[in-house]
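*Asks:* The lines below spell out each chain.
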Amino acid sequence: MWSVRSTRARRGASGTYPCQVLRIAQPLLDEIVAHARRDHPDEACGIVAGAEGTDQPRRVIPMLNAERSPTFFRFDSTEQLKVWRELDDRDEVPVVIYHSHTATEAYPSRTDIGLAAEPDAHYVIVSTAECGKSKGPVECRSFRIVEGVITEEEVEVT
Amino acid sequence: MAVEVRIPTILRTYTGGAKAVDGTGATLAEVIQDVESGHPGIKDRLIEGADLRRFINVYVNDEDVRFLDGLDTAVTDGDVVVVLPAVAGG
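Chains as they are written, first to last, in my numbering: chain Y, 51 to 208; chain C, 2 to 91.
Misleading hints may appear alongside valid ones.
Under the rule of at most 20 Å between Cα atoms (straight-line distance), these lysine to any residue pairs were calculated in the SDA-like manner [as the list claims (entries may be wrong)]:
(1) Y:K132 with C:A3
(2) C:K20 with Y:E142
(3) C:K20 with Y:A84
(4) Y:K185 with Y:A84
(5) Y:K183 with Y:E142
(6) C:K44 with C:A3
Listed next, with one range per pair, are the computed distances between beta-carbon atoms [claimed, not checked]:
(7) C:G18 with Y:E204: 44 to 52 Å
(8) Y:Y157 with C:A27: 18 to 26 Å
(9) C:E49 with Y:T128: 33 to 41 Å
(10) C:D70 with Y:Q106: 40 to 48 Å
(11) C:T77 with Y:K185: 23 to 31 Å
(12) Y:E136 with C:T16: 21 to 29 Å
(13) Y:R160 with C:T77: 35 to 43 Å
(14) Y:R88 with C:F68: 39 to 47 Å
(15) C:K44 with Y:D138: 31 to 39 Å
(16) C:D52 with Y:E180: 36 to 44 Å
(17) Y:E102 with C:E49: 28 to 36 Å
Over 10 Å on every C-beta distance to chain C, these chain Y residues come out as not near it, computed from the model [claimed, not checked]:
(18) R73
(19) P91
(20) A101
(21) E136
(22) L165
(23) E180
Since the hints were made in silico from the structure, they are not lab data.
By construction, the Cβ of each residue, glycine as well, lies at the ideal position given by its N, Cα and C atoms.
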């Protein structure tokens, strides 16, 4: 139905983070991809929450793209506060922050790099450029973005 | 007025790792100035020129200050100020 393009980290395994891989369950990835298709041609965005300190994504929380734009996304600020508070209450963190690119490849744009503010998160980008709203190949890649430096990591679907 | 200011992970380098710091002032701008005096450098991460940085969200008692009076938003004793970097990109 769709495929994950899993690429080894280009910068090698000497990064700050011990875990240079995103391990994620298939149903969670399916949810992310379904969200991206649903919102195409606008960018979709959201998080996958998981218990703090585990690096394990557990539940997808689709977020509104307040910009409703094919080239930009921003979480709605009120919804973000509500969700972040809920995460705090449950001792969870945004393990994954995802968004879609609807006309370009699944690689961080300059804007993505400049605005990345969660050094502990896996930034997952899904490209619906090829498939649009229909079934077809979806490119899905994961990155760390820390202080302007991108490190691609492997996606291991469990 | 004494308020609690909650600091996001990415700015905790300025607060010695603290998740929250105390600040005083009658407005959000004054509170930020007060926090700056104890944690130099943090103000520049929140404010650009005369305004909040575009991709920093600040809430007073759960209300985005962009829907209140921005940096002039009044605060009173016991209020909670939350700082969250916007999650955004292209």
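*Asks:* Sort out which numbered hints this structure fails and list those numbers smallest first.
*Replies:* 1, 3, 5, 7, 8, 9, 11, 14, 15, 22
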